[in-house]
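Enquirer: Residue numbers (the working numbering), protein chains in the order written: chain W, 123 to 506; chain Z, 123 to 506; chain R, 123 to 506; chain X, 123 to 506.
Worth double-checking, as some hints may not be accurate.
Some chain X residues judged to face chain Z by a derived CB distance under 8 Å, without partners named [claimed, not checked]: (1) A182; (2) M184; (3) I205; (4) E206; (5) G209; (6) R213.
Simulated from the structure, these hints should not be mistaken for laboratory data. We put the beta carbon where it would ideally sit given N, CA and C, even for glycine.
Number of protein chains: 4
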Amino acid sequence: MRACVVVNSRANYGRIKSFMAAADVHPRIELQVVVGASAVLPRFGDVRKIIERDGFTISAEMHSVLQGDEPVAMAKSAGLATIEVAGILQRLKPNVVIVVADRYEQISTAIASSYMNVPVAHLQGGELTGSIDDSVRHAITKLSHLHFPATEKSRELILRMGEDPAKVHVVGCPSIDLVASTSGKISSQALGSGVGGPVQDGRPFVLVSQHPVTTEYDRAYFQVDQTLEALKRYRDVSGYEVVWLWPNVDAGADMVSKRLREFRENEDSQGFHFFRNFSPEDYIRLMRSAKCIVGNSSSGIREASFLGLPAVNIGSRQNGRERAENVVDVSDNAQQIERAISAQVKRGYYQSSNLYGDGNAGSRMAEIITKSDSSISKKFYFVP
Amino acid sequence: MRACVVVNSRANYGRIKSFMAAADVHPRIELQVVVGASAVLPRFGDVRKIIERDGFTISAEMHSVLQGDEPVAMAKSAGLATIEVAGILQRLKPNVVIVVADRYEQISTAIASSYMNVPVAHLQGGELTGSIDDSVRHAITKLSHLHFPATEKSRELILRMGEDPAKVHVVGCPSIDLVASTSGKISSQALGSGVGGPVQDGRPFVLVSQHPVTTEYDRAYFQVDQTLEALKRYRDVSGYEVVWLWPNVDAGADMVSKRLREFRENEDSQGFHFFRNFSPEDYIRLMRSAKCIVGNSSSGIREASFLGLPAVNIGSRQNGRERAENVVDVSDNAQQIERAISAQVKRGYYQSSNLYGDGNAGSRMAEIITKSDSSISKKFYFVP
Amino acid sequence: MRACVVVNSRANYGRIKSFMAAADVHPRIELQVVVGASAVLPRFGDVRKIIERDGFTISAEMHSVLQGDEPVAMAKSAGLATIEVAGILQRLKPNVVIVVADRYEQISTAIASSYMNVPVAHLQGGELTGSIDDSVRHAITKLSHLHFPATEKSRELILRMGEDPAKVHVVGCPSIDLVASTSGKISSQALGSGVGGPVQDGRPFVLVSQHPVTTEYDRAYFQVDQTLEALKRYRDVSGYEVVWLWPNVDAGADMVSKRLREFRENEDSQGFHFFRNFSPEDYIRLMRSAKCIVGNSSSGIREASFLGLPAVNIGSRQNGRERAENVVDVSDNAQQIERAISAQVKRGYYQSSNLYGDGNAGSRMAEIITKSDSSISKKFYFVP
Amino acid sequence: MRACVVVNSRANYGRIKSFMAAADVHPRIELQVVVGASAVLPRFGDVRKIIERDGFTISAEMHSVLQGDEPVAMAKSAGLATIEVAGILQRLKPNVVIVVADRYEQISTAIASSYMNVPVAHLQGGELTGSIDDSVRHAITKLSHLHFPATEKSRELILRMGEDPAKVHVVGCPSIDLVASTSGKISSQALGSGVGGPVQDGRPFVLVSQHPVTTEYDRAYFQVDQTLEALKRYRDVSGYEVVWLWPNVDAGADMVSKRLREFRENEDSQGFHFFRNFSPEDYIRLMRSAKCIVGNSSSGIREASFLGLPAVNIGSRQNGRERAENVVDVSDNAQQIERAISAQVKRGYYQSSNLYGDGNAGSRMAEIITKSDSSISKKFYFVP
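Extracted from the complex, chain W is given alone in its bound form:
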């Protein structure tokens, strides 16, 4: 059977890679890899090269992200992605399309697949974060035919929305597979290329990854400003370095970039190091080397739980997502953020949690996919 994976960002790739590896060697699966959206943009890390270096063959690529920081550009990108995916599915004729998580390129894939009678397998459905992404994620669930939630609680939510229990499989999150199979700390070489000079060997640092919140994109500038303020103060007090990751391509991203540029050019940025992207493996090593992760990236909730890495989660973006004990939540306020960082760093690493998986999600998925029927008709199941 032909199983088609759509990779739309470097984060996507980190989450689906272990499945890709399992599918690639599975005797009954012919793996097809489609790369699109921000994964083909050099500005956000050209994931194509990483994928090929990892030994996968790219079956199709698509360019569909519009420039511009206005919501209209995101909406049009979703439309263009639908057109592109349709043409690609017409050519690749997969038996199943695997869609990850919740972003707009993913619902585009789900819609194109639906209308082309190709079953959709959905990874990470049923999660709750409180952001607009939830609506999109649940909408993808309703368009999907096979579900791979990461947790039992997510499975329950998917069933509640009427999906067939026989098609909902808790496999854990493949992103944890990658964490489990990646050892070591980040190399000083990898930390030598950022803007702001190299992180000196062995210097303790805090990791920051903060994205604009889609429904609050006019507050993006303010939000990043508060986080910056907190980290400037914490740096002054602790002498720790700051490793800051560039945000992904969402409404609001330009405002975040603007604030970060202003900071670098006009303020005291001593000890701050900005990076555009890491390979998924290096990102894990980076987390394992950090004293604390700060921001609103889901990796603070998900990968960090397995690593036991202390996390300070800011604002509403991850609201409602299940948490292990490693997470402390704060609002977008500089003082709160600084205090939480200070306390978390002092507390140190937590015990590893299996909340988001045990490291074998990818191979479970491959096995289940080969055994699933390919029917695309669905009915609503009322599970008590």
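On the provided structure of chain W, position chains Z, R and X as indicated by the hints.
Expert: Quick look at chains Z, R and X alone, frame taken from chain W:
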């Protein structure tokens, strides 16, 4: 406030017209009307003229339907519609977008609205038919912020999927509003223009409306063939006329058209009259004048229940939709279809049912919309 | 080298097929075939099946034609085709793209190629017809890097517009290659499947092919009406049959179809036979079997000149195109048309002309393409 | 009559503004302003605000530029722009569309207009630069119905390509209108906001504006590097400041940005000031305040000729464009560039030239447009 209605087919228009009328005269609503998809195609009845004749002003129109009978064309049409809607919302800046039912142009509208932070009000959510349209309808529900289900049972389903109870309002179906406010029978003039010659005044007739089933589009030719066969036999036995409506623009439609053309050109089509479209009002009058409605159109379930018109529902397309007692279900088999028609015509009209509404849905919707907050953030509600 | 041919209609295919055959066996050319626009629509003859039956492999297909008879649909189709071609060129990475003639899908190909730094070879540039297609054809010339005009006069026009003389090669028209290599008359079997019953064996007939004129699309109904009228009268006088070809997909096509349907359903259509499409070979045999060709198709000017087939050319669509002696021009007036048909049939076949080529264009093109440099920079040449 | 101007960049706006002003007050013209492409991107200067501040009303805006530095993104942007323009013309129904110059958004406008039967008036046709833009500019000429070349030599070229002499009017370039009507030097306030700190009052500076060359986009990094090198040396020798303008959105732009960022972050950028954009007026004042203009922007050839500003034109991008005596040409070599700057600054300002107009182009255009017939049919004119 600006309330934007998107009309994508003549059926859409019939279903939303009473709301449009209520909104148009409401002191606090500025109505915006967008017309697109098959509603701007002469081939399927240019609904623009009807809308303007009814006194509404069209704010925007969009052309986004691709030619071709393959699923890839439908998927690309969905993508193109998303792009078009995004541009239109950017210009019209509505406070709410009203989306009807379940077709691909509608999910395009819902996605564009979501990403542009415009709340979506969804009409006819929560219904179950068993077709692929269900997935799309439920996905629209998860992207919507205000829900106007037609029935209590539909409301329950919407709540089960996690929507906020305060945002789900059973108003009845606006299509029933139109039925309630349209009196009389179809004029012989309106029945004089079809292919196959005029229906002679007062002659009894059976009404047929059969669409291809999206998930079974390769069986479209066979399915229409069985229905044709049944009606040829019933005509021969009863001497009744047959009024047949051209199908809408779906995957499979070309196959249906092909079979109908062959029939007209090579077989005995005496007593068969083919029509491309009626105004929504004339369609109601046509139903009220028929002895029975045959096929798989939702109007046989919905509008016919209020009229008490006997309906023979064929195949899987309306599976799971709530029925009043006027409906008899059969599979796509000529003999079964013929017998059911014969029995239903003999039985005659049923008592009118309020299952799908009492005729006041439109004005209820207008009132509720003006009172709703415009928040676009959502959370998942667990209602017992 | 990779040479990519874009086939957008059955007419396109007839014109480029001999080049495709020559390229396919050429040791230094890897042929890539892209099929799009009306060539993938069953309604206009699914050319994909013919191409594959002829032994070619299709490298990519694209769906980009919008429904609707309004100019806005044509313009959007051009845009969508540009997007599709871009994605396809990105994947196929050809060294040269071969574009035929003058329709909107072709300028879309030329634009996408230009921006992607792929040289464009243009067939049939430099011709003058007087229609809007001229502007598009000349615009394609200015975007092209290698030119294959059919005639010396066309070459002069291309040079006048500033193209490099070393890149302009008169090869004749490949459509004449097909005529030269296709023998025999049309079989009665091929004439047995049209709407209106079979053409009886050996009965003399007149061939009609009339397209809407893009700049006069509101007169399309009137124009086809005049031609119909002329042929009804001529049929009545001569007793000849009429073989009528369905028009291609242009603005105005729906009006032409409408008038033809009305005729078939409500008027005396005895002796009229309507066909949707023939293979290019059968079309040549059909021409060779006809007494006269009537309408505004370029085949009446081009292929008919080689065959010596008497042609009655109606209206402005072919204005300015070079003619051999077989053509008589008339305006869109029933009486004029009828008289010209009568005179031409009486006159009988003309001597074969080489105005549009001698039958070896395709192999000449293949040879030249392999020897051309692949530079995409251009300058304006002033040739006296 | 409705005259629709399409503004796709800040440069476009500078060139068409005087016509807009003339049209806006003309009793017989209703001006429509469409803003798209890079003109709606904050990253390249949101021209919408400037247009509105100047008192014009924006009729429509469109978002159609894809992210990504690969040619496929430009090609798709052209396609998406065609779709967008088509929808906008459908709504605005102009009697004529005015298109400026030669970029891909402009040919998209010309194609959409052609297919929608709207006459196109083309500004700055017939010019020769030697870049890929030439092909596009000439293709636009062949799709246009009314021509406003800036110079007599351009008029001759347009006639040579077969346009109707009665439709080709030398009006001068409207960009010169703006120069003629804008007085004064750049304020120190306007020069205070760039990256790299303010330009100190009265300090002499050299102005740099260098774009990637579309056909050489893989050399973009090298080319900007050479120019940087030259200016670093010249700064060290002369002590002059450098005012550097960010490049526009073309294939290669990301490479240019990359080199500039590296320079700012890792090299001695003392005296260098980077600006994203100026209003067209401030840009003229900036030129008038500079000692020399360096790079490959057409403003060095065009506006600078009227100002007498010494220009150093680098590389092939402006090849073949007519020059007044103020221009010295060099190849992309640091040493050559530095020497030319040094010589030009020493030489000082030249006499003002009327080669590109006398400052009254806009009002001439408005007058001619109101008197032109609206026919869209064209024929090829053979002018000796």
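Enquirer: With reference to the structure, classify each hint as holding or not holding.
Expert: Here is what the structure says about each hint:
1. With a least beta-carbon distance of about 7 Å to chain Z, the hint placing X:A182 at the interface is held under the 8 Å criterion.
2. For X:M184, the interface hint holds, the least distance from its beta-carbon to any beta-carbon of chain Z being 7 Å, beneath 8 Å.
3. Evaluation of the X:I205 hint against chain Z yields a held restraint, the C-beta minimum of about 7 Å falling below 8 Å.
4. Because the beta carbon of X:E206 sits about 6 Å from the nearest beta carbon in chain Z, less than 8 Å, this interface hint is met.
5. Taking 8 Å as the C-beta contact cut-off toward chain Z, the hint placing X:G209 at the interface holds, the least distance being around 6 Å.
6. At a threshold of 8 Å, the smallest CB-CB gap from X:R213 to chain Z is about 7 Å, leaving the interface hint in force.
Checked against the numbered hints above, the structure breaks none of them.
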